[in-house]
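Asker: Chain residues, written in single-letter form:
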Amino acid sequence: MILIASLVVGLLFACGVRMVLERELVRVACGTVLITNSSVLLILAGSFPVRGEALSVQKGWPVTDPVLQSLALTAIVIGFAVSALLLTLVHRTQRAHGSLRTDRLVEAELKRVHAVEKEEGH
Amino acid sequence: MSILLPILLALACAPLAYVAGRWRTGAAAWVGASGALAALGVLAHGWTQGPARVVLPWAPTWGLSLEFTRDGLSGLYAAMALGVGALVVVYSRAYLPHHLAEEGRSPREEVRFHELLLAFMAAMVLLVTVDDLLLLFVALDLTTIVSYLLIGFDREDPESRAAALLSLVLTGATSVVFFAGAMTLGLQYGTFSLPLVIERAASNPASTGALVCLAVGALGKSAQVPFHFWLPRAMAAPTPVSSYLHSAAMVAAGVFLLQRLYPLFAPATEVRDGLLAIGFLSMGLGSLMALVADPFKRVLAYSTIAQYGYALVLVALGSEGAPLYVAIHAPCKAALFLTAGAVTQVTGKKKLSEVGGLRHSLPVLAGASAVAAAGLSALPLTAGFFKDEVFFHALAKEGPVVMAAGLVGAGLTLAYTLRLWWGLFGGPRRDVPAAPRLLVAPVVVLAGLILLGGLLPGLLVAPARAAAETMRGEPSTLELAYHLDARAENLLAVGAWVLGAALFATRRAWTPGLSRVLRRTALLGAERGYRLLLHLLDRLSTWLHEKEVRDLRDRVASVLVPTGLLGIAVLGVTPLRARFMVGTVGWADVTLVMALAFASAAALATLRAKGHLMLVLLISCVGFSLAMVFAFAAAPDVALTSVLVETTFTLLFAGLLALLPEARLRRAQKESQKPRGRDRLAAGVAGASAFLLSWSALSHLQAERVGQRTVELAEAAHSPNVVAAVLTDFRGLDTVGEMSVVVAALLGVTSLLGLKKGRR
Amino acid sequence: MRSFVPPLSRLLLWPSLMIALALWLKGGASVGGGFPAGALAGLAVLLQYVVAGRDQARRYVAVRYAAPLAGVGLLLVVGTAFLPVLGGYTPMSLFPRPDQPEVGVGGLHLHTALVFEGGLMLIVFGLVVTVIDRFALRTGTEEESGP
Chain X
1 MILIASLVVG
11 LLFACGVRMV
21 LERELVRVAC
31 GTVLITNSSV
41 LLILAGSFPV
51 RGEALSVQKG
61 WPVTDPVLQS
71 LALTAIVIGF
81 AVSALLLTLV
91 HRTQRAHGSL
101 RTDRLVEAEL
111 KRVHAVEKEE
121 GH
Chain E
1001 MSILLPILLA
1011 LACAPLAYVA
1021 GRWRTGAAAW
1031 VGASGALAAL
1041 GVLAHGWTQG
1051 PARVVLPWAP
1061 TWGLSLEFTR
1071 DGLSGLYAAM
1081 ALGVGALVVV
1091 YSRAYLPHHL
1101 AEEGRSPREE
1111 VRFHELLLAF
1121 MAAMVLLVTV
1131 DDLLLLFVAL
1141 DLTTIVSYLL
1151 IGFDREDPES
1161 RAAALLSLVL
1171 TGATSVVFFA
1181 GAMTLGLQYG
1191 TFSLPLVIER
1201 AASNPASTGA
1211 LVCLAVGALG
1221 KSAQVPFHFW
1231 LPRAMAAPTP
1241 VSSYLHSAAM
1251 VAAGVFLLQR
1261 LYPLFAPATE
1271 VRDGLLAIGF
1281 LSMGLGSLMA
1291 LVADPFKRVL
1301 AYSTIAQYGY
1311 ALVLVALGSE
1321 GAPLYVAIHA
1331 PCKAALFLTA
1341 GAVTQVTGKK
1351 KLSEVGGLRH
1361 SLPVLAGASA
1371 VAAAGLSALP
1381 LTAGFFKDEV
1391 FFHALAKEGP
1401 VVMAAGLVGA
1411 GLTLAYTLRL
1421 WWGLFGGPRR
1431 DVPAAPRLLV
1441 APVVVLAGLI
1451 LLGGLLPGLL
1461 VAPARAAAET
1471 MRGEPSTLEL
1481 AYHLDARAEN
1491 LLAVGAWVLG
1501 AALFATRRAW
1511 TPGLSRVLRR
1521 TALLGAERGY
1531 RLLLHLLDRL
1541 STWLHEKEVR
1551 DLRDRVASVL
1561 VPTGLLGIAV
1571 LGVTPLRARF
1581 MVGTVGWADV
1591 TLVMALAFAS
1601 AAALATLRAK
1611 GHLMLVLLIS
1621 CVGFSLAMVF
1631 AFAAAPDVAL
1641 TSVLVETTFT
1651 LLFAGLLALL
1661 PEARLRRAQK
1671 ESQKPRGRDR
1681 LAAGVAGASA
1691 FLLSWSALSH
1701 LQAERVGQRT
1711 VELAEAAHSP
1721 NVVAAVLTDF
1731 RGLDTVGEMS
1741 VVVAALLGVT
1751 SLLGLKKGRR
Chain P
2001 MRSFVPPLSR
2011 LLLWPSLMIA
2021 LALWLKGGAS
2031 VGGGFPAGAL
2041 AGLAVLLQYV
2051 VAGRDQARRY
2061 VAVRYAAPLA
2071 GVGLLLVVGT
2081 AFLPVLGGYT
2091 PMSLFPRPDQ
2101 PEVGVGGLHL
2111 HTALVFEGGL
2121 MLIVFGLVVT
2131 VIDRFALRTG
2141 TEEESGP
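Chains as they are written, first to last, in this note's numbering: chain X, 1 to 122; chain E, 1001 to 1760; chain P, 2001 to 2147.
Check each hint, because a few of them may be wrong.
[What the hints assert, rightly or not] Listed next, with one range per pair, are the computed distances between beta-carbon atoms:
(1) P1226(E) - A115(X): 30 to 40 angstroms
(2) T1563(E) - D103(X): 16 to 26 angstroms
(3) P1226(E) - D103(X): 44 to 54 angstroms
(4) A115(X) - V1432(E): 47 to 57 angstroms
(5) L1681(E) - H114(X): 52 to 62 angstroms
(6) E1156(E) - A115(X): 51 to 61 angstroms
(7) D103(X) - A1162(E): 35 to 45 angstroms
[Unchecked claim] Listing some non-contacts, in silico: residues in chain P with all C-beta distances to chain X over 10 angstroms:
(8) I2019
(9) L2025
(10) F2035
(11) Y2060
(12) L2076
(13) V2085
(14) V2103
(15) V2124
Keep in mind that the hints were calculated from the coordinates and are not lab data.
Using N, Cα and C, we set each Cβ at its ideal position, and we do this for glycine too.
With the rest of the complex left out, here is chain X (with noise of 0.2 angstroms):
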């Protein structure tokens, strides 16, 4: 069990950091959600060897952890914030820059801070 889980997050880590290193905006906010979610699952993943029997929590029986549990629970809470605003962020920058290709973006920060250079050169 304990190899299957983190196989699993290898795996799902692996996969969010070959699309955050895509050249395109889209991709790279789905990469980091599955980071993200690779990170939640390894939280959770340390209370699956003593874990609880259902799902309703009755006096006497064994509970998952629930430390672990409120911390997945806030992990997945502050991923969605994070994730929300980076949605906005690539919004924003397509407008700002049209493009969602990295490279293009990266030429168009450069032109910007050459120009700035030159103004204050002046």
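For this one, chain X is given, so just place chains E and P on it according to the hints.
Answerer: Chains E and P alone, transformed into the frame defined by chain X:
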């Protein structure tokens, strides 16, 4: 409480001035000055009751407390800061309206000036009364920050802004070094409380590195070589600032620190020798520059460098006259600065070559500043005489070389002071309008004090002894009196006067040559080094930025791949017993494994996804499979939230796709179809590292879990749902932090996507 | 399809909000809490946006003032966390304290954790609705500017 009262009063001055300034602009200065005088009175009253300490617990678990002391050293310096501060505030009441009118600014800004000046006074009082290394640093930085605002008060003037920045960078950077020294001491002795540190240092001397760090902080503040060049530049500030910060307060702070920490320096003779050399160097450099500088404020600034060089020599020699020296120098220098400001205001000129012959028009000012100048150059019948007496007394024990250096220094002092005073008031008569009384009065008060000290030296003995006792931790036998005999001190003083007078009389012969030599040998090498350093840092940051921008994508990889390799390497070298465990898969786990397999398959499929919509659906597929995993892992709260969040997110993502222009999406899609081997490798390394690290982590779960204990506690906390109890109660502060992240994201969204349509 | 989806979605709104409230109030006792409650309420509003459009969805007050609601939520969270400090308790002290008896109205236990969770709910709701609203505002108004 009586220890804290003067501090609290000093702290209250700036807010009081603000309130008074709201009512009437002119009232701010008077209210502030009265506050300062009241604090001075309370301080004097408290001082008669002898030394005392007060410790207010602050963060007891970390062993931090707010410690304040009332002793000779703090009393002397606080009295200096408060007294000169009150006079300077009164003076600025007369100076500022004229200055602001000249700069074309609103007269209301005068209030802000008084507030800043009083805030600086409060920071200074705080600095001298705290008895804790950390608080010492905090107060030191407070003075730095307020001094930045004060020096840059004329914010329209680029020179003034540059000077303020220079002083901020220099004194700020050196105070960070001081902080490093303080931390080292704190770690070495296990406490930041100064008396404890000093007590423990008696048996276990402080490390040389820490002492050097502390000394660097002090040297930066006191404008000693090689950090001296900020002071002449800071003369761009309005004159009241110079007369306060650069005579009695800011520059005094550095030497004060050395005196406060003297017991730590006492056994470290090599550090003290270094300080001695720096003191003589500053003395020589400052005096020579003061001899040739033309703007009279600059003459005073170089003189300050030289005079604090004297004070540094005294500290380095461990002389009991060190505190007295600073205390006498302060009123003399403040009075001369105030004179310079008054002259500039009356004549509009700033250079010695442009003024002169003012003694007929400004007789009172001329007389009072003559007393101050006499004090600065240590002529008898002024208190200044005794500052050189203690200086020569300390030198006399050290042998002829040091004595000769001191003699030359004192001679130079007399020469440049004569040059300054004569340049302002001597020479052919020139008629100017009379100076406002309020501009002259503070100078007269200071001159009166200097004369009083010179005529009745007995008054100085008690505070000087108390301060010396605090500094050296042993009873002081300091004596101040005029002796009419041929002792070494007197001979040196007479020699210095003769030398000074001779230099002054022959000044036309050597001034051009000396100024040429000084300019050519680039004695300001330190300043050039500073500029070069700034330039290089600027270049470095530009280079880094370009690099970062150009390789946006590779930046991610360049972080991930080394981190991944490092993670793998760490696992390789740390010997862990039974490092990896495979674990068992029972029948109950089958559903879990299936859900995990589903998530993996979906994740792999995202890499192959052609269209964007498919991509988003596959991502949400991963999310839902994980929600299933959480449900099978009996984490109902997580599963529920996960499902809800995933649904919302999928819809939002679809909404984003609807927002993006179709053509652009398709073009980007086509572009990303070209795979790169490097990316795959990076992803592989990162994934492998994540896998190994999580495997190792999951194999080493503690058998004793916090969770079990939490379940019991949740019952007591009236919350049967343990997860909710953890979130809201046990780890509630984390949740507050998390919520602030969410709100920050919300603010980001609203500011990125404003309500106005079509805004770029 | 068109004929029955919009009325159905409107019909679904109030039950969803009721369930969200229930999730919030029962969070201390069983599955639920502030996060899922806020997410569910946000989802219910999202449905309105998708089916009925922005103008229809913004008829509800809570939708128009979603971002200020999040601010209120933050105040509630921070207040619950730090107001006890004024009474000499450590931050994040909840009332009734563990040694005090429970206070209840019917099946509902009154506890300051409820206020805390309410704050969480409002914040999450505010975030979800604000993002939807801003996206919806843009949809259809986007110009097809050059490449």
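Asker: Hint by hint, say whether it matches the structure.
Answerer: Against the structure, the hints:
Between P1226(E) and A115(X), the C-beta spacing of about 39 angstroms keeps the proposed range 30 to 40 angstroms intact. The beta-carbon spacing between T1563(E) and D103(X), approximately 24 angstroms, falls within the hinted interval of 16 to 26 angstroms. Distance hint check: the CB atoms of P1226(E) and D103(X) are about 48 angstroms apart, consistent with the given range 44 to 54 angstroms. Checked against the hint of 47 to 57 angstroms, the pair A115(X) and V1432(E) passes, with Cβ atoms roughly 52 angstroms apart.
Taken as a hint, the range 52 to 62 angstroms is violated for the pair L1681(E) and H114(X), whose Cβ atoms sit roughly 33 angstroms apart. Distance hint check for E1156(E) and A115(X): the Cβ-Cβ separation is about 27 angstroms, which falls outside the suggested range of 51 to 61 angstroms. In this structure the supplied range 35 to 45 angstroms holds for D103(X) paired with A1162(E), their Cβ-Cβ distance being about 40 angstroms. At roughly 17 angstroms from the closest C-beta of chain X, the C-beta of I2019(P) stays outside 10 angstroms, upholding its exclusion from the interface.
Non-interface call for L2025(P) relative to chain X: holds, since the shortest CB-CB distance, roughly 17 angstroms, exceeds 10 angstroms. A beta-carbon of chain X is positioned within 10 angstroms of the beta-carbon of F2035(P); the least distance is around 5 angstroms. The non-interface label for Y2060(P) is consistent with chain X: the shortest C-beta to C-beta separation is roughly 21 angstroms, beyond 10 angstroms. Even its closest Cβ contact with chain X, about 16 angstroms, leaves L2076(P) beyond 10 angstroms, as expected for a residue assigned away from the interface.
No beta-carbon of chain X is positioned within 10 angstroms of the beta-carbon of V2085(P); the least distance is around 23 angstroms. Remark: the non-interface label on V2103(P) is consistent with the geometry, its nearest Cβ contact in chain X lying 22 angstroms away (cut-off 10 angstroms). Residue-level check failed: V2124(P) sits 7 angstroms from the nearest beta carbon of chain X, not beyond 10 angstroms.
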